[in-house]
Amino acid sequence: MDLLRFITAGSVDDGKSTLIGRLLYDSKNILIDQLEALEKSTKNRTDGSVDLALLTDGLRAEREQGITIDVAYRYFTTPKRKFIIADAPGHVQYTRNMITGASNANLIIILVDARQGVVEQTRRHSIIASLLKIPHVVVAINKMDLVEYSEDVYNNIVIDYVEVAKQLGLNDVTYIPISALNGDNIVDKSTVIDWYDGKPLLELLEEVEIDNDINLTDARFQVQLVIRPQTDDLHDYRGYAGKVISGIYKKGDKVTVLPTGIETTISKLEVGGEEVDVVFAPQSAVVQLADDIDISRGDAIAKIDNQPQVSNELEVLLCWLDDKPLVPGNKYYLQHNSRLVRAVVKQIDYKLDVNSLQQQPVEGNVKLNEVVKATIRTASPIVYDSFHKLNVNGSAILIDETSNATVAAVLIQ
Amino acid sequence: MSNYHLNYLEELEAESIYIFREVAAQFERPALLFSGGKDSITLVHLAKKAFAPGKIPFPLVHIDTGHNFPEALAFRDQLANEVNTTLTVRKVEDTIKQRSLTEPKGKFPSRNWLQTYTLLDTIEEFKFDCCIGGARRDEEKARAKERIFSVRDEFGQWNPKLQRPELWNIYNGRIHKGENVRVFPISNWTELDIWNYIRKENIGLPSIYFSHEREVIEHEGQLVAMSEYVQPGAEDVITTKKVRYRTVGDMTCTAAVESTASTLDEVINEIISTKISERGETRIDDRVTEAAMEDRKKNGYF
Chain A
85 MDLLRFITAG SVDDGKSTLI GRLLYDSKNI LIDQLEALEK STKNRTDGSV
135 DLALLTDGLR AEREQGITID VAYRYFTTPK RKFIIADAPG HVQYTRNMIT
185 GASNANLIII LVDARQGVVE QTRRHSIIAS LLKIPHVVVA INKMDLVEYS
235 EDVYNNIVID YVEVAKQLGL NDVTYIPISA LNGDNIVDKS TVIDWYDGKP
285 LLELLEEVEI DNDINLTDAR FQVQLVIRPQ TDDLHDYRGY AGKVISGIYK
335 KGDKVTVLPT GIETTISKLE VGGEEVDVVF APQSAVVQLA DDIDISRGDA
385 IAKIDNQPQV SNELEVLLCW LDDKPLVPGN KYYLQHNSRL VRAVVKQIDY
435 KLDVNSLQQQ PVEGNVKLNE VVKATIRTAS PIVYDSFHKL NVNGSAILID
485 ETSNATVAAV LIQ
Chain B
166 MSNYHLNYLE ELEAESIYIF REVAAQFERP ALLFSGGKDS ITLVHLAKKA
216 FAPGKIPFPL VHIDTGHNFP EALAFRDQLA NEVNTTLTVR KVEDTIKQRS
266 LTEPKGKFPS RNWLQTYTLL DTIEEFKFDC CIGGARRDEE KARAKERIFS
316 VRDEFGQWNP KLQRPELWNI YNGRIHKGEN VRVFPISNWT ELDIWNYIRK
366 ENIGLPSIYF SHEREVIEHE GQLVAMSEYV QPGAEDVITT KKVRYRTVGD
416 MTCTAAVEST ASTLDEVINE IISTKISERG ETRIDDRVTE AAMEDRKKNG
466 YF
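Respectively, the protein sequence lines represent chains A and B.
All you need for our numbering is the position in the first sequence, starting with 1, plus 84.
All you need for our numbering is the position in the second sequence, starting with 1, plus 165.
Calculated from the structure, these hints are not laboratory results.
It is possible that some hints are incorrect.
[As the list claims (entries may be wrong)] Reference excerpt, derived from the structure (chain B facing chain A, CB under 7 Å, subset only):
(1) I182
(2) Y183
(3) P218
(4) R302
(5) N337
(6) I403
This structure is a prediction, so every number in the text was calculated from the model and none was measured.
For each residue, glycine too, the CB sits at the ideal point set by N, CA and C.
All chains should be modelled from the sequences, with the hints used to inform the complete structure.
What follows is the structure, encoded as structure tokens:
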């Protein structure tokens with residue numbers, strides 16, 4: 085059994101919470117006491133049905149105001165897969181949260197209201213999906229019950245979205261007509277939408293091929309910490325603990341330690357204290373090297389014949405996540421996986437309109453939820469790949485030196 | 166499917182080990198909050214793997230309410246000894262005396278809420294900048310919204326509206342003096358994941374997780390163990406039943422489940438077929454208000 089992480093995105097009234105509630109409810113992942121609590125909160129319903137949307141509202145303010153403030157994580161399991169849902173709010177002002185939830189997702193469900201069609205929010209969510217390189221996109225055309233399950237309405241929306249997908253370079257897009265409220269095409273195939281010959285949503289989620297989402301070609305490893313027990317029996321032990329970011333490493337591989345560029349050989353590999361011959365992404369491992377080299381947290385180990393880039397000047401896209409605006413010339417910390425360096429945002433070239441993808445001039449400071457192209461200079465070199473080539477080694481965050489807040493998502497170009 | 170493929174338990178394990186290593190590298194004085202339950206026992210097992218062949222580079226800290234199951238305490242001592250790390254115990258009893266706190270009353274006088282005082286005092290005493298906890302997001306609604314690295318202010322308070330964005334697997338543990346971070350390495354695990362992992366890794370548990378005979382009284386449909394801490398009323402009938410525990414907390418606020426499951430396989434089968442959630446079935450204290458956990462977390466609870 086494997087693990088699929090997905091995010092749901094939609095505008096305020098697209099029925100996102102109802103969809104999640106329906107997935108959990110119909111796949112029997114809601115238990116009696118949770119349902120009782122739900123029934124207690126659903127006071128004003130005349131028809132006696134429960135409001136599945138309430139399942140996903142966690143904080144008191146959210147229940148009181150009927151909105152979602154922050155990303156919530158939900159879990160459910162079927163005999164085929166374990167699922168982690170990042171449930172992110174849809175409002176424009178919560179783009180920050182959507183980026184947070186989308187950053188770890190294999191798949192995004194973009195909800196479209198059948199009555200509204202492709203709207204600005206759809207476009208914005210799709211742009212975020214393409215910016216963050218989410219491998220699989222499902223466009224769920226919801227509220228089909230309110231358009232009399234019309235195939236024409238569905239087809240017209242698909243035609244519109246195909247254009248969006250083409251423009252954004254979204255390759256793997258699947259379309260499903262659903263009614264989250266009535267459960268059409270969620271867990272079971274709808275009997276009403278008989279003209280649709282695809283799979284219901286849950287089956288699609290269970291079967292989408294995710295093996296290829298992990299890059300096993302370009303081997304990247306970053307050191308989190310050095311393990312030196314310094315006990316009598318392990319006196320000379322020196323192991324580099326870290327995560328295989330991508331690719332495969334074998335005992336005996338010739339490697340280069342970066343940014344120093346020193347070459348050596350892997351002498352031993354361990355996972356969870358057991359010696360192994362091979363490690364691969366996304367395992368947490370310990371690497372031992374044949375030569376005694378000065379290596380510390382944040383250094384990278386790559387193969388001699390396949391190396392990442394090393395630079396202290398980075399061209400980046402910044403998604404600004406803080407209420408305090410970005411002031412060009414300000415200093416921040418840049419954290420690239422475990423490597424933390426001081427950095428300055430030197431230059432801001434243009435702003436990317438997240439509704440049209442058009443480049444616009446930047447007037448004044450960069451504000452919350454804006455995406456800009458910028459140049460960053462770091463105090464010491466970063467070992468990276470472009471986000472486009474290898475997203476797991478091309479992403480970073482900026483941290484405000486004074487507030488310690490995470491203020492930007494960094495996509496290295 | 167290639168040979169280079171992790172199943173979901175291996176993927177969760179890899180993620181948790183990564184988080185443990187980030188904690189050890191980013192903080193000066195971390196501690197692992199150890200409750201004696203299966204989640205914190207799993208945490209210790211994961212920490213062992215994260216730092217092998219070295220030892221776990223932080224102490225285990227137990228905030229002892231004084232209402233613990235003796236079996237859980239014995240297990241705690243044995244485990245700390247086995248992994249060869251420091252075990253620090255601070256007692257709620259002492260905090261109550263020092264700070265003249267009011268002891269809760271009633272039939273099941275829970276010290277759950279008072280633990281927060283002892284925890285905050287302990288953080289202060291040892292200048293811990295990070296406390297690792299075994300909370301899972303599937304447990305409860307407020308937990309579902311908490312980050313893996315959750316910053317607390319100098320009063321230990323969680324502010325759900327001011328959480329840091331947590332992107333990819335980059336964890337920002339930078340804090341100001343006096344603040345601390347609560348880190349939850351098993352955030353993405355569910356109750357069933359924990360049980361399956363315990364079975365896969367053959368992790369030992371206190372005996373109360375398996376079926377045994379115990380004197381209990383029935384309270385609003387839940388079975389509560391008789392102990393010196395429980396004050397039964399005249400109407401309560403004490404009976405002996407075959408029970409096991411699904412969670413291990415205080416004797417006053419953890420309910421038992423009637424069960425004959427005496428092996429891991431049997432326990433897991435029962436959990437798969439149960440229709441009631443873990444907290445709903447076993448935690449007496451969460452029933453008070455719908456936002457009980459949210460309120461406690463805002464005040465510095467785990």
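Violated hints, by number in ascending order, as checked against the structure: 6
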